[in-house]
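2 protein chains.
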Amino acid sequence: MSQIRAVKLEVINTGTELLLGNTLNTHGAWFGRELFKLGLRISRQTTVPDGDAIRDSLQEALGRADAVIVTGGLGPTSDDLTREITAEVLGLELITDEAALRSLEGFFALRGRPMVDANLKQALCPVGADILPNANGTAPGIYVPPRLNGRSNCAVFLLPGPPRELYPMYHAEVVPRLRALAGVEKLHQALVLKFTGIGESDFHQGIDARLAEVPGLEYGYCAHIGEVDLRLIGDEEALEKGRKITLERFGSYLISDDESSLEATVVRLLKERGMSFATAESCTGGLVANRITNVPGASEVFTHGFVTYANAAKTGMLGVSAQDIETHGAVSEVVARAMADGALEKSGADIAVSVTGIAGPGGGSEEKPVGTGWIAVAVRGGQTEAFSVFHPRNRKDFKLAVSQAALEAVRRRLKARLS
Amino acid sequence: MSQIRAVKLEVINTGTELLLGNTLNTHGAWFGRELFKLGLRISRQTTVPDGDAIRDSLQEALGRADAVIVTGGLGPTSDDLTREITAEVLGLELITDEAALRSLEGFFALRGRPMVDANLKQALCPVGADILPNANGTAPGIYVPPRLNGRSNCAVFLLPGPPRELYPMYHAEVVPRLRALAGVEKLHQALVLKFTGIGESDFHQGIDARLAEVPGLEYGYCAHIGEVDLRLIGDEEALEKGRKITLERFGSYLISDDESSLEATVVRLLKERGMSFATAESCTGGLVANRITNVPGASEVFTHGFVTYANAAKTGMLGVSAQDIETHGAVSEVVARAMADGALEKSGADIAVSVTGIAGPGGGSEEKPVGTGWIAVAVRGGQTEAFSVFHPRNRKDFKLAVSQAALEAVRRRLKARLS
Numbered sequence: 006m007s008q009i010r011a012v013k014l015e016v017i018n019t020g021t022e023l024l025l026g027n028t029l030n031t032h033g034a035w036f037g038r039e040l041f042k043l044g045l046r047i048s049r050q051t052t053v054p055d056g057d058a059i060r061d062s063l064q065e066a067l068g069r070a071d072a073v074i075v076t077g078g079l080g081p082t083s084d085d086l087t088r089e090i091t092a093e094v095l096g097l098e099l100i101t102d103e104a105a106l107r108s109l110e111g112f113f114a115l116r117g118r119p120m121v122d123a124n125l126k127q128a129l130c131p132v133g134a135d136i137l138p139n140a141n142g143t144a145p146g147i148y149v150p151p152r153l154n155g156r157s158n159c160a161v162f163l164l165p166g167p168p169r170e171l172y173p174m175y176h177a178e179v180v181p182r183l184r185a186l187a188g189v190e191k192l193h194q195a196l197v198l199k200f201t202g203i204g205e206s207d208f209h210q211g212i213d214a215r216l217a218e219v220p221g222l223e224y225g226y227c228a229h230i231g232e233v234d235l236r237l238i239g240d241e242e243a244l245e246k247g248r249k250i251t252l253e254r255f256g257s258y259l260i261s262d263d264e265s266s267l268e269a270t271v272v273r274l275l276k277e278r279g280m281s282f283a284t285a286e287s288c289t290g291g292l293v294a295n296r297i298t299n300v301p302g303a304s305e306v307f308t309h310g311f312v313t314y315a316n317a318a319k320t321g322m323l324g325v326s327a328q329d330i331e332t333h334g335a336v337s338e339v340v341a342r343a344m345a346d347g348a349l350e351k352s353g354a355d356i357a358v359s360v361t362g363i364a365g366p367g368g369g370s371e372e373k374p375v376g377t378g379w380i381a382v383a384v385r386g387g388q389t390e391a392f393s394v395f396h397p398r399n400r401k402d403f404k405l406a407v408s409q410a411a412l413e414a415v416r417r418r419l420k421a422r423l424s
Numbered sequence: 006m007s008q009i010r011a012v013k014l015e016v017i018n019t020g021t022e023l024l025l026g027n028t029l030n031t032h033g034a035w036f037g038r039e040l041f042k043l044g045l046r047i048s049r050q051t052t053v054p055d056g057d058a059i060r061d062s063l064q065e066a067l068g069r070a071d072a073v074i075v076t077g078g079l080g081p082t083s084d085d086l087t088r089e090i091t092a093e094v095l096g097l098e099l100i101t102d103e104a105a106l107r108s109l110e111g112f113f114a115l116r117g118r119p120m121v122d123a124n125l126k127q128a129l130c131p132v133g134a135d136i137l138p139n140a141n142g143t144a145p146g147i148y149v150p151p152r153l154n155g156r157s158n159c160a161v162f163l164l165p166g167p168p169r170e171l172y173p174m175y176h177a178e179v180v181p182r183l184r185a186l187a188g189v190e191k192l193h194q195a196l197v198l199k200f201t202g203i204g205e206s207d208f209h210q211g212i213d214a215r216l217a218e219v220p221g222l223e224y225g226y227c228a229h230i231g232e233v234d235l236r237l238i239g240d241e242e243a244l245e246k247g248r249k250i251t252l253e254r255f256g257s258y259l260i261s262d263d264e265s266s267l268e269a270t271v272v273r274l275l276k277e278r279g280m281s282f283a284t285a286e287s288c289t290g291g292l293v294a295n296r297i298t299n300v301p302g303a304s305e306v307f308t309h310g311f312v313t314y315a316n317a318a319k320t321g322m323l324g325v326s327a328q329d330i331e332t333h334g335a336v337s338e339v340v341a342r343a344m345a346d347g348a349l350e351k352s353g354a355d356i357a358v359s360v361t362g363i364a365g366p367g368g369g370s371e372e373k374p375v376g377t378g379w380i381a382v383a384v385r386g387g388q389t390e391a392f393s394v395f396h397p398r399n400r401k402d403f404k405l406a407v408s409q410a411a412l413e414a415v416r417r418r419l420k421a422r423l424s
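Protein chains in written order, with our numbering: chain Y, 6 to 424; chain H, 6 to 424.
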């Protein structure tokens, strides 16, 4: 991004639990994605235990970086030393911030809990630094601008560790200050396009060269099972060009342009079309229904889920012919179609998807190896369509990949219906 | 652990994708848990981009630590510089290791793929260092013992980044060398006890003081939604004492002592008792069935899953009385019991669990707020038992907490049946 001056940025996460493996450090990846949207990259991320260990790593980072973001260690316990050590390292005195103290008192009063003395230190702030209000916890953040830093020209952010406190504070308080530091007052924008049905290499071969030619556009891919997210950043014009290049080529594989998941997109399309939905699952064992019901408001459109793991369940719950299972096998086009049709009939829903396959590790054969699956989509008053998939992966990844293919088949059918 | 000399250990993860947030860094937590089993703790973890950035962080770590583990950057591309930079920093010459070269040639021959020149550098090794064989990829690991290190007394491990290559190499090659470094030839053992139905604070109040008194025992907790894992390490005697103290107090809440999940434990108990299993889910939307079918071999015991999201599904699929739903509400003891009984009857299974609740964000009332749920367990030839739960959390966490309570209810019923 030619408009953004290079800012060397480091992240330090404090927390013994992160190093013991009790808690997965998701901050690193989260900061990476968020900072990418501002055109910034992390040059180094460090995790240190609670307590005094922050001292060395902070001192080193101050000598290298233009900005350091520290998370954790702002709580009331004796192990929470980030505030104290930062002030010491920067040679700044800590004083009680009256507004922060009143806010703390208000936090406890609202909850009818007594404020203990240990909390008092949470209102301490290096002289001249900014208090960053915390609407979701007791620990305010702190911003020390470069001009206060006697040791180097580095800005320092101290932020709380819990995501529900960290994320809102980052967006409200850190982003504008980082923008100013980076010399970008004008808002840069980010766009996330989610795709399914194609792989990252399709993008490399298909559009990489053209995206690279768009002035001021940065882009990156993030591949998951059955999904590739393309992230674009730049000004409005660059984003629009990037979007156009991408969608001309891969538009039919687009899940969403607003970070919505595939299941949320399916629920939205069902609502828009006023259609109800049912699932009939064998190998995915309820995963498709589970994903759909993760979406708030799914109950408006999702009514019945048939998890027909045993053959007796396929016949009993969905009316699949035992003879068909005997003749074609439970993993077959005939049975997938009969499951989708049966789900439609038994539920009275407007659209139904069925999944049958071999998740492994057992149950495979030469003709139908582990990873084989059939998916069918039945629509009230329409043709039932079926297709096979092959995902020779471990059991959980197979289930995820097949559930993705099933939801994508529903999305396509809904798009085709009224678009 | 008094027997283990304190080893200062640092982990450096290389990978631009980790800092961009494209990939979650799971290595930190994984190493933390694995090293804990050896009585070792990570004193600092650092993530740096691919390429030259490893140089500074390695140099700094060599000055601080007794052992440094580096992951990533051992591949064949121009960005993969870990091997070269480490040799340079340590002042060691790189030479081709003939055994590693033959192993590489074998890897490609086996797969019928040509070996390109870029792969040749993967057979390079600092003079005198150990090549760590990689059964699952092209990049062998490297171990530089302290005696070769001219700069400090620090041991260096270079390991591949992908978990399927890293994990086996760690266990086969790194663990024995770390044991030797730490002066512990005798195998220390680790024990993981998984519990549900009680919280971490119950352990603190109940047994912390007694565990702390066991000589040579280290312990730590890892809390998830609806689950607390207690990790013990020490010699056989210490472990046995720790286990006894814990189980005397909390034995009835034990899920497993072999790291098996709750769902895997339920599947095992079902198999042992020769019982088949069905689920009837409303608010969890298929999550209970999904978790059960994540377990390999679940098809031997799990037959039917009824995801009755709409009231019409509860009546149509399970025979719940529409009048009961009208009178008591879908989230009620009466409906939960009728769902479990219906699942048993319609499936012919030996045991069935039902779940009905309000996941939110909508649908709550003063009498039944978001987070309210009812669970029932029906057993062929036995009484149906029901109980209520309250988990006012976000939608996904609510589903997870309630599915955990449902599976735990099944586990208890199975344990009571034949133990």
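One thing to keep in mind: the hints can contain errors.
Computed Cβ-Cβ distance ranges for the label pairs, DEER-style [claimed, not checked]:
(1) Y:Gly56 <-> H:Lys276: 28 to 38 Å
(2) H:Pro374 <-> Y:Asp84: 31 to 41 Å
(3) Y:Asp240 <-> H:Phe113: 44 to 54 Å
Treat the hints as calculated values from the structure; they're not laboratory data.
Where a beta carbon is used, it is the ideal one built from N, C-alpha and C, also for glycine.
Checked hints:
Checked against the hint of 28 to 38 Å, the pair Y:Gly56 and H:Lys276 fails, with Cβ atoms roughly 48 Å apart. Range check, H:Pro374 to Y:Asp84: Cβ separation about 35 Å, and the 31 to 41 Å hint holds. Taken as a hint, the range 44 to 54 Å holds for the pair Y:Asp240 and H:Phe113, whose Cβ atoms sit roughly 46 Å apart.
Of the hints listed earlier, the one the structure fails to meet is number 1.
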